[in-house]
Amino acid sequence: MTYLLGIFQTIGVHTLLGLSAYLLLLTGQLSLAQVGFFAIGAYVSGILTVIFTWHIFPALAIGAFTAGFFAFLVGFPALRVKGLMLVVATISFSEIVRLFFFNLSWRVNVNGLEVGPDSTQGFREIRYFAANGWEQIHIVGLIWFVVMVVMVGLWWLDRVRAGAVLRAVGTDELAAQSSGINLTMVKVAAMTGGGVIAGIGGGLFAHSTTYVDHHTFVILLATFAVSYPIIGGLRSVMGTLLAVIFIQGVIVEGLRFMGDYRNLIFGLLIILVMNLRPQGLLDGHLLEDMKKLLGRLTKGEKADA
Amino acid sequence: MDVLQTSLDGLMIGSTYALLGLSFALIFGIMRRINLAFGACLLFGAALAIYLEPLLGWGAWGLFFITMAGAALASAYVERLCFAPHSKRSGAVTAMIASFAIWMQLDEISSQLLPQRTHAYQGLELPTLWLGEISVRGDQLLHFGMALVSIILLYILLYKTRLGLLIRATADSPESAYLLGARVPWLGFVVFFLAGILGGVAAFMILSADGHITPLFGLWSTFKGLIAMIIGGVGSLLGAVVGGLILGLVETHAGAALGAEFRDMVTFGLVFLVLVIRPGGLMGVKVYRTDNAAQERV
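Protein chains in written order, with the working numbering: chain A, 1 to 305; chain B, 1001 to 1298.
Calculated from the structure, these hints are not laboratory results. Small disclaimer: the values here were computed from a predicted structure and weren't measured. Hints are supplied without guarantee of correctness; some may be wrong.
Listing some non-contacts, in silico: residues in chain B with all C-beta distances to chain A over 10 Å [unchecked claim]: (1) S1007; (2) L1008; (3) L1056; (4) G1062; (5) L1106; (6) R1117; (7) S1135; (8) W1186.
Simulated restraints on C-beta separations [unchecked claim]: (9) B:E1133 <-> A:P58: 55 to 65 Å; (10) B:L1180 <-> A:L183: 30 to 40 Å; (11) A:L268 <-> B:L1179: 50 to 60 Å.
Beta carbons: idealized from backbone N, C-alpha and C, even for Gly.
One chain only, chain A, in its complex shape (with noise of 0.2 Å):
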């Protein structure tokens, strides 16, 4: 059981990081910076619960805010550069944001104990949970509904003007500049969004591990969050979802047993994904039989009735 849920905690933080990715590739940009603002939201949260003892929910209210803050800062000089030059800027700035994590040292004596990040030893009394009597289900619950809550958020976004306008960005900047979109403003908002999103992530990440330090938040991570909404498919919010599950689920989890020749077939996956499904495992022929099916089955039941 306690098997099961850690896998559900992994899944839940990685969607999380892979939403953040997905709002941002909507506008096509594509920004390794996501794993920064994870990294951000991870020790915001961790300092502000650790050393000032704060409760969890404004700790993570305010990680979150201050990744979005550094994504809003961050949005407008990377945005002005694109493609090649926009994944190595984001590059950057995450290695920029981890080097700094990385020579952190801020030990306090907090109830005759020492805490607080250590720089290369790490951040490792994030006890908050334990502290206060969470299970292990609890804390599951907290990352499910904070998911839940982005990804009705972001299904939401599709349905409104506002998400018309991020595709029309992502489909031809120059056909959404002629009809009167502020370019920049979109892509800024979409990166803080993206950013806001990575931070709550970061939060829950570093409170239900108990422990970071600066090598969970290297750029693998990051390829890891645009890989999900890449392989998933960017038509919907739950191809994100259903590559995580993939990913996690059952390539990483899956193929435990195969031990370290895990990666090797991990590869070859993601390659033959990639190859007969370029547009993603979730792409748009298969949205629209999957209506029409529902169609059917709706239509099929009245017709009973």
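Following the hints, complete the assembly by docking chain B onto the known chain A.
Just chain B now, kept in the frame of chain A:
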């Protein structure tokens, strides 16, 4: 005097970065893609060399040739699996994710070949040269020479031969090159192979100067190559060389002035600044400044 010594060290390291940058510039020039698995290819070459060397007993030069061959083979493998199937413009993101998957795969093979955390990588034993108060390590001087020779050979290949002409034509415009009879898909393969060879040379230089290798080497060299190319200017081969030298100089000076902890932060800060102020890099070619190219997504 210290400034001079630091600068000289920086140039020596910079020459290896220049080779890494050149490999990236070659791939980017012809494919307009970045290859995330590049460092993993070098790691694979080096791992293969360390694995095979005791069986063959060829010494440091054996390491050199196996590293080079392994990296080139791995690079060609990456091209076949990740870049050849997604050569259309719409396949850019797909190709990048695919190369990410291969990166994981090559990393895994390498860690199977190198079970421990650090492995010795035999260097060339050469005496240190002294010029007054300035010292140059003999092997580093040799590496500098090797880098220079590699760059000159690459120049001859690209600017004096028919193959080079075809490669440059494809980099300019793949469509017109294809219409004029160039085998563009085959050229992509050749360029990845070439980039692997250059990268292999750089990997040997870096690893034998350090004397050891860790599994982190892969990502490290991806970063250095990417940064050298970006600072120097995307699409320009000369830019990649200059970018590599600048990167070496900045790194050693930042390390000397601020300490090792801040060295990498300074480097990444510089990259961010260069990108924001001058998105094409210092010597970026016009191709990348035109709107059409700027619209291209990775």
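*Please flag the earlier hints that this structure goes against, numbers listed from lowest up.*
5 and 11
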